[in-house]
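Could you put together the complete structure from these sequences and hints?
Protein chains in written order, with my numbering: chain A, 1 to 596; chain B, 1 to 394.
Partner residues aside, some chain B positions facing chain A, computed with beta carbon under 10 Å:
| # | residue |
| --- | --- |
| 1 | ASP19 |
| 2 | LEU27 |
| 3 | LEU40 |
| 4 | PHE41 |
| 5 | VAL45 |
| 6 | ALA74 |
| 7 | GLU103 |
| 8 | GLU104 |
For the record, the hints were derived by calculation from the structure and aren't laboratory data. If you're wondering where the values come from, they're calculated on a predicted model, not measured in any experiment. Glycine included, every Cβ here is placed at the ideal spot set by N, Cα and C.
Residue strings, one per chain:
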Amino acid sequence: MNTHTAIAETEPVAAKSAREEMIARIAPGREERVFLVLSIFIGVVSGLLVVSFRMAIEWLSVLLLGSSPNPHQPRLLYIPAAAGLVIAVLTRYVFPNVRGSGINQTKAALYISNGYISFRTVIGKFLLSALAIGSGHSLGPEDPSLQIGAGVASLISRRFGMSKEKLRIFAPIGAAAGLAAAFNAPISAILFVIEEVIGQWSAAVLGSIVLSAVASVVVARSFWGAQPMFRIPVIDLRDSRELLAYAALGIVGGFASLLFASCLSYLRPKLRTQPQWSQLLQPAAAGLLVGAIGFFGLTQVMGAGYEAIDQAMHAQFAWKMLLLLALFKIVATTLSFSSGTPGGMFAPTLFIGAMLGGAVGTFEKIYFPHLTGSIGSYALVGMGVLFAAFLRAPLTSVFMVLEVSGNYSIVLPVILANTIAYLISRVLQPIPILEQFTHQDGLDLPSMEELREESNLHLEDAMQPVTVPILQGSETIADTLRSLAQYEDPKSIPLFLIHCPDGLWYSAKREELEALSRDQPATQTDDLGVPTPAAATLAEHLGPERTPVIFPDLPLSSALPHFQRWPVLPVTNRAMRGSLEGTVTLQDVLNRYQKH
Amino acid sequence: MTLQTEEYSGLKRRLILRDSLTFLSLLLVTVVLFLITFFLFRSFVTHRQELALRWSARGQSAINSGHPEQAIVALRTALSYAPGQRSYELLLAQALGEAGHTEESYNYFLGLWETQPGDGLINLSLARLAAKKNDVQAAINYYRASIYGTWEGDGIVRRRDVRLELSQFLIAHHDLSSARTELLVAGGNAPDDVPLALTLANLLEQANAPHDALTYYQKVLALEPKNGTALESAARLEYASGHFDEAHRLMQEAMHEREASSSNQETITSSDKDILDNSARILDLAPLKKLPNNERVSRILDARTLAKKRFDACSAQVSTASGLSNPLQNLATKWTSKDATSNRGALLNDPTQQDATMQLVFDTETQTSKLCGAPTGDDALLLQLAKFPHAMEP
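If you want it as C-alpha cells, here you go:
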C-alpha cells in the first residue's frame, strides 16, 4: 500500500457534483471554451518552468561539479554522493511522490487520481531532479519535465472548477507541453503522450495537446533558440545497400535495450525491498558509484550527457570508447534510477543509442570503407533505435529522429533499424519496462502497448445468417397472417423481421404480431355502412418506429444499447439501403466477446 | 418565474466574473513567471558566455605555449558553454592534431568540413592531416579544395601559400611535373616580391626545373642585384647548365657581396669556391669562338694533348684488364685520323678542323669517363665542357 501511494497521489475530496451540474446548466459550452484557452496557458507556463528547470540543472552542475568536470577531480566522488543523501532525505520527509521518472506518475494521475498532481510534487520534482542531474547522477530532464507539465496542468485546471472528466485529461495535455519544451520537438512530444500516456488517439484531447505543445515550444525556443538539441551532421543515404548496415545497428540496439531493461528490472525491485534505513543511503551510494565512473575517466556518463551525444554525432570518439561509454551509461543509469533518485530515462536512452550508433558507424567505416553514411547519421539513428526498443514507442522514435535531424532522407534507415530493434525487444522482453515499473510499484495501469494493439471487434464478427422469417411491411395484417400460415408451426417462431416500405426494418416478437392481429376488426364499414377491406398495412400498424440502421463494420459494442428494445438487429449493407447482410442478437454479441 | 430568471442571470454573471478574474490572475502569474525566467535566463546566458570565453582563452594560450592536451580540455569545456562556436571548434581540431590525435582531429575537421566543404582553412587542415596519415590522394584533393576554397582575410596570399605547400608535398612524393605546374601557377599570379621569388626558385630547383628556377633568380637579381642567395644559386644553375662564364661572373659577385657585407657571417662554402675556381679554369681552357684564332688554336692543341694523355692512360688501364673495348677501339681509330694529327698551321687555316679536333677531345673525355671512371683536374673540366659544347657560344 505504501508503494502504491508513492506513485499515485490522492486527490482531496470535494463534493462538487451539484456545483458542476449547476454550471453545466447555466453555461453549457463554457467547459469546452475554457478547456482550449487553458491548454494554451498550460503550454506557456510549462514552457517557462521547463526553461527554468534546464537552467537550474546547468547552474547546479557548474556550481557543484565546476565549470570543467574532468577525471581525477575528487569532487566527482563526493558531490553526487552528498547530493544523493540530500535527495533521499527530502524524498522521504518532504516530497514523497517525486521518485522515479515521471511518466508512470503522470499515467497514475490520469487513470487513478482524476488528473491530480499536487503542487508539492511539482516543486519537489523540479528541485530534486535538478539537484540529481546537476550533481552528476546519470538521469535526464525530459521525463521530469513531462511530470512538471502535467502538474502545472493539474494546478491550473483545478482553479476553474472543471468536471472530473476534463480534469483527468488535463494531465496528458500538460505532459505533452512539458515534454515538448524539454525536447524542443512538439510532434515527438505529442506522439509520445498519445503512445505512452493516453494509449490511443482521442479527438477530444488531440487539439488541446497540440495547442499546449506548440505554446510550450514557442516559449522554449524564445529562450533557447530554434536550433535542435544537437548539432546535426550531414545525413545522406546514397546507396540502398547501406541499409544493411543500419539493420545491423537495429540488431545491436535491440539487444542493448534488452540488457538495459534487464538491469533495471533486476536491480530496482531488489533495492526497493531493502530496509527503510538503507533506502535512505541508496541514492548516495549510487551517486558515489556514478561519480567513481566519472572520476576514473568517463565523466561523459554523468548527468544527462547531451555534450557527449553531440560529440558522438560528430565522430569525436573511437568506436571502442563509444562502446565503453554505452556500457557504463547503462550501469550508471541503472544505479541512479534504481536507487529512487528522481530523474528521467529519456536522455540516458538517447545517450546509449547515440554511442552504440556511433560505434557501429565507426566500425563500419573502418572495416567497410565504401559505405558512405556519416558516423553522425548512425549515431542519430542509434538514438531512435534505443528509444523504440527500450521505451517501446516506435512511432515516436521515428518522428523524434526526423524532427531532431530535420532531414527526411534518414527516414528509411530509421524505420528499418527501429523496427528491427523494437521487434527484438518485444520478442525477448514481452513486458515493456515502463509497465514493469508500474507492476513493481504495485499499480495496475493499462498497458499502452496492449491498448495500441487491441483488435476491436466489429458487428461482422458476431453477425449470423438470416434465419428469422421476413415479412413485408407493405402487406395487410390479413396477408401477413396468410404468409405466416405457410410455416409449419408459426407459433414456435419467436421473432420476425419486417421489411418496411421505406426500406428500413422492424424486428418484432411473435407476441407483438399476435396482439396486432387480435386488435384487428373483422371488417370495417364506411359511413354508409358498406363494408370495406382493412386497408392498413403492417408497417402502418407498427407506427414510425424502426430498428436502428447498423452496418457490419461498426464496433460490436455499438449494438449493445439497442438490445433492450429490439430482440434482433438486422445488419444492412452500406451500399444498398435496406439490403440485409445478416442479423445479431444479444446472445450473438456476448458469445463473440466470450470467444475474444 | 421572474425570480428564477433573475437568479439564473445573477449566477451566470457571477460565473463569468469568476472566470474572468481567474483568467486575469492566471495571466498575471504567467507574466510574472515570464519576467522572472527572462531575467534569470539573461544572467544564465551571460555567465555561460563568460565561461566560454575564459576557457577558450585558456585553450588558446595552451596551444600557444605548446600544451595541446591542456588546450583540448579547455576548448572542449568552452564548446560545452558555446556549442557550435566555429572558432573554438577550429582551435580544438587544431589542438587535437597537435596533440597527436591525428585520427580524432581528422574526424573533427571532417565534421566541420561537412557543414562547410568550401572552407579553405578546414580543407588545408584536412590536407595536412591526410598527409600525416600518408593518404596522398586525399591530401592532394584537400590541398586543391583549399586553394579553390573560401578564405577569410587575404585570400590571395593564403591560396598561394597553400599552393606552395602543395608543391612541396608533391616534390616530397616525387611528382615533380605536377609540382612544377603548381609552382608556375603560383609564380604567375605572384607580385614582384624577392622572398617569394626566392622560394619559388628554390622549389623549382627541387622540382627539377632549373631553367624556371633560374628565371626566378634572375627576377630577384633584377630587383636586388646584390642578393647573395640569388647570385650564388644562379651561379650554381648557370654552372650546371654549362654557362661557365655567367656562373663565374655571378659567383664572383656573390663572393664580393659576401666579403663586402659585414652582417653576413656565412663562410664561403667549398662548393661555391669550386664553382668559382672551376668556372675560371674552364674559361681558361675553353676554345671559345669569340677568342682570337691563334689563342683558340692554342687552347685546342692544349686540350688535345690533355685528352690524348687521358686516352692513353685509359687504354692502358682497360687493355691490361680485358683488352680494348669497342668504344675505345673506335676512339683509337679516331686518334690516328687527321683530327688528332693536324698541326697548328693546319688548324689555324681550317675552322672546321678546329671543331672536329675539339669534338675528338670531347668524345675522348666522355668515353674514358664511362670506361675508366671520373676524371680529375683539367680532364674533369674538359668533360664538363663536353656536356655543353655550345653553351657559351653566342
